[in-house]
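Student: The primary structure of each chain is shown beneath.
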Amino acid sequence: MFAKVAQKYRYSLILLRQLVITDLKLRYQGSWLGYLWSLLRPLAFFVILYVIFGKFVKTLPGIDHAALYLLLGVVVWNYFAEVTNLSVASIVGRGDLIRKINFPKYVIVLAGSFSALINLGISFVIVFAFMAFTGVAPNIDALWIVPSLIVELFIFAIAIAFFLSAVYVRLRDIGYIWELFMQAAFYATPILYSLSFVTNLTVQQGMMLNPVAQIIQDLRVTLIEPKAPDIGTVFGNEWVRLIPIAFVLAVTVIAAWYFKKRSKHFAEDV
Amino acid sequence: MADRIALKVDRVSKNFQLPHEKNRSIKSAFVGLFKSKDRTIETQHALRDVSFEVKKGEFFGIVGRNGSGKSTLLKMLAGIYQPTKGHVMTEGKLVPFIELGVGFNPELTGRENVYLNGALLGFSKQEIDAQYDDIVRFAELEDFMDQKLKNYSSGMQVRLAFSVATTAKADILLIDEVLAVGDADFQRKCFDYFKEIKKGDTTVIFVSHDMGAVKEYCDRAILIDNSRLVASGNPDNIARDYTRLFNEPGNAGKQQNKRRWGDNAMIYESVTVSPTTIDDDTSEFVITAKVAVNEPIEKPVFGFSIVAPDSRELFGTNTHIAEYKTNSYKPGDTITVTWRVPNVFADGQHALNVTASHEDVLTVCDWWEDALRFRVNKIKKTPYPVNPQMRVDVK
Numbered sequence: 001m002f003a004k005v006a007q008k009y010r011y012s013l014i015l016l017r018q019l020v021i022t023d024l025k026l027r028y029q030g031s032w033l034g035y036l037w038s039l040l041r042p043l044a045f046f047v048i049l050y051v052i053f054g055k056f057v058k059t060l061p062g063i064d065h066a067a068l069y070l071l072l073g074v075v076v077w078n079y080f081a082e083v084t085n086l087s088v089a090s091i092v093g094r095g096d097l098i099r100k101i102n103f104p105k106y107v108i109v110l111a112g113s114f115s116a117l118i119n120l121g122i123s124f125v126i127v128f129a130f131m132a133f134t135g136v137a138p139n140i141d142a143l144w145i146v147p148s149l150i151v152e153l154f155i156f157a158i159a160i161a162f163f164l165s166a167v168y169v170r171l172r173d174i175g176y177i178w179e180l181f182m183q184a185a186f187y188a189t190p191i192l193y194s195l196s197f198v199t200n201l202t203v204q205q206g207m208m209l210n211p212v213a214q215i216i217q218d219l220r221v222t223l224i225e226p227k228a229p230d231i232g233t234v235f236g237n238e239w240v241r242l243i244p245i246a247f248v249l250a251v252t253v254i255a256a257w258y259f260k261k262r263s264k265h266f267a268e269d270v
Numbered sequence: 001m002a003d004r005i006a007l008k009v010d011r012v013s014k015n016f017q018l019p020h021e022k023n024r025s026i027k028s029a030f031v032g033l034f035k036s037k038d039r040t041i042e043t044q045h046a047l048r049d050v051s052f053e054v055k056k057g058e059f060f061g062i063v064g065r066n067g068s069g070k071s072t073l074l075k076m077l078a079g080i081y082q083p084t085k086g087h088v089m090t091e092g093k094l095v096p097f098i099e100l101g102v103g104f105n106p107e108l109t110g111r112e113n114v115y116l117n118g119a120l121l122g123f124s125k126q127e128i129d130a131q132y133d134d135i136v137r138f139a140e141l142e143d144f145m146d147q148k149l150k151n152y153s154s155g156m157q158v159r160l161a162f163s164v165a166t167t168a169k170a171d172i173l174l175i176d177e178v179l180a181v182g183d184a185d186f187q188r189k190c191f192d193y194f195k196e197i198k199k200g201d202t203t204v205i206f207v208s209h210d211m212g213a214v215k216e217y218c219d220r221a222i223l224i225d226n227s228r229l230v231a232s233g234n235p236d237n238i239a240r241d242y243t244r245l246f247n248e249p250g251n252a253g254k255q256q257n258k259r260r261w262g263d264n265a266m267i268y269e270s271v272t273v274s275p276t277t278i279d280d281d282t283s284e285f286v287i288t289a290k291v292a293v294n295e296p297i298e299k300p301v302f303g304f305s306i307v308a309p310d311s312r313e314l315f316g317t318n319t320h321i322a323e324y325k326t327n328s329y330k331p332g333d334t335i336t337v338t339w340r341v342p343n344v345f346a347d348g349q350h351a352l353n354v355t356a357s358h359e360d361v362l363t364v365c366d367w368w369e370d371a372l373r374f375r376v377n378k379i380k381k382t383p384y385p386v387n388p389q390m391r392v393d394v395k
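Residue numbers (my numbering), protein chains in the order written: chain A, 1 to 270; chain B, 1 to 395.
One chain only, chain A, in its complex shape (with noise of 0.2 Å):
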């Protein structure tokens, strides 16, 4: 079963290899430091966090370990917008190799997350080093919670992703749509702030249906502070916590089926 699974996918997955490798030698050729950036911009922005909202800005009354709820945030965030908006032109970036041979076409989307995933990685091990460092521990269930917030999120970016990357094919404003709609989404989602700074209980009621808001939260309530307000203390109900996880669901099959869909045209279009 296995065998047969992963010869139907062998090809994909020599592909997926290869563009994976290739991006990150081309990504970090000819800088002196290398892949050491990957590690140094999450440490340097860990640092600017901590100086500013740790000391000067009191965002987050009443949270301890301020700057590391921050980061966490932030870190998720990253993730997210360098997903999605790294990917809008993706499928468009590698035409010429769309025009001249049959492969398919998810690889390309998929290669391009991974660096973000790389990324994303070493964000955590920084978090981690940094809780180690302060004494914060979670309990045991993190075991569980933090790779299935993880996997959540990884599947909701790639989705659309997919969707992205399919509709920029034919209409190339959903490059700037979708950068002003992440502008906006960036200040629509408690990362920088406390969610109770938001005065409309409704509002904040509607931010917590944000997967990635829902995300956010559940991984600073499991890792930093279980004090601090998710999508079931916001609502007053722990079922609420379905309807971000069925809005990832939904926009995965529809994208899933768009970009089967259109990806047939791609040698045509791009």
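It should be emphasised that the hints constitute simulated quantities derived from the structure, not laboratory data.
Hints are not guaranteed to be accurate.
[Claimed, not checked] Listed next, with one range per pair, are the computed distances between beta-carbon atoms:
id	chain 1	residue 1	chain 2	residue 2	range
1	B	Ile321	A	His265	54 to 64 Å
2	B	Phe52	A	Ala184	50 to 60 Å
3	A	Arg172	B	Gly233	45 to 55 Å
4	A	Trp37	B	Lys380	50 to 60 Å
5	A	Trp257	B	Ala168	32 to 42 Å
[Unchecked claim] Here are the simulated lysine-lysine pairs, PhoX-like style, with alpha carbons at most 25 Å apart:
id	chain 1	residue 1	chain 2	residue 2
6	A	Lys25	B	Lys125
7	B	Lys93	A	Lys8
8	B	Lys93	A	Lys260
9	A	Lys4	B	Lys169
10	B	Lys198	B	Lys378
11	B	Lys299	B	Lys330
Keep in mind it's a predicted model, so treat the numbers as computed, not measured.
Virtual Cβ for every residue (Gly too), placed ideally from N, Cα, C.
Knowing the structure of chain A, use the given hints to seat chain B on it.
Tutor: Here is chain B on its own, set in the frame of chain A:
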């Protein structure tokens, strides 16, 4: 078993929708809504109702002029385009490349490009590892593999690409115009490779403008013209039909083709050479051209020139320079011009240009560049543009 079908094309048509202004932004889509009368979407029929079958193990040629639809056909065979109507069925593993060096990246080294290109052909890292030395040896690039591809000459890139492609094990191989590149030595290698796969039971679909190669290697061929399949069968006949396409007076191909022009008072009907492949034993090379006369003409001048593999014009002459007196002709006459040329050629594929003009030499009736190509295989090689037989005597 010999009659098993490897590939079947069943009533395939392909249309492209070509909006004159591509609607790729919302603004133009809105503007287009209000000006829908001005917006024209042209449907281009790239192929109409094409059907054929290729048997397992056949070496099958597809020929046609530029823009005839043969590349669209090949892309549909490769699964890159979907047919608008009809079906393409393939049996066995098809190598999904139609062009050499797909995915080559100038910023990567030769070695890295081998792995990338190999992955696109379906090879895992381990499989390339096992064949890596062979690939490099075949490409003759042992000393260059750790250099970036951007520092390669175009010939080196092609050698590397072809070398990777030859390792592909497939039931059906699609080859598009690979022979137009590379020096004479490398062309020879390519042909040796073709001979090798011809022995096996790989099915090869071969798209080319080189009628010599089509005649030499193909078992069968089809001719595509104006989006339709116009002839199929024996490669010799197809090659003849193909050459004839360029000779129809005033046809579309000729008008588009800036390499052939003139006032059509006379027109070349056919140009042939004998022998078609020249080797060391050939002493004389004969060009026979048939010219149809459309308007009364007095003392016309006929000429030719020969173009070396590096596109340099080697030599040529005409009846005026040769001080050959031609007669007067009337419409309907056919003139046969025969040139006998000593075998001075160096190795490689040469092209022949022919001209026919009025008495003043300058008013051209039919100027035809690249009227045909012929192959020269010399065992004794020199690095010079010509390679005549010479006798040496050392005392």
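Student: Each hint needs a verdict: does it hold in this structure or not?
Tutor: Outcome of the hint check:
no., hint, result
1, Ile321(B) <-> His265(A): 54 to 64 Å, "holds, 57 Å"
2, Phe52(B) <-> Ala184(A): 50 to 60 Å, "holds, 56 Å"
3, Arg172(A) <-> Gly233(B): 45 to 55 Å, "holds, 47 Å"
4, Trp37(A) <-> Lys380(B): 50 to 60 Å, "holds, 58 Å"
5, Trp257(A) <-> Ala168(B): 32 to 42 Å, "holds, 33 Å"
6, Lys25(A) <-> Lys125(B), "holds, 16 Å"
7, Lys93(B) <-> Lys8(A), "holds, 13 Å"
8, Lys93(B) <-> Lys260(A), "holds, 22 Å"
9, Lys4(A) <-> Lys169(B), "holds, 21 Å"
10, Lys198(B) <-> Lys378(B), "holds, 23 Å"
11, Lys299(B) <-> Lys330(B), "holds, 11 Å"
In the structure shown, no violation is registered for any of the earlier numbered hints.
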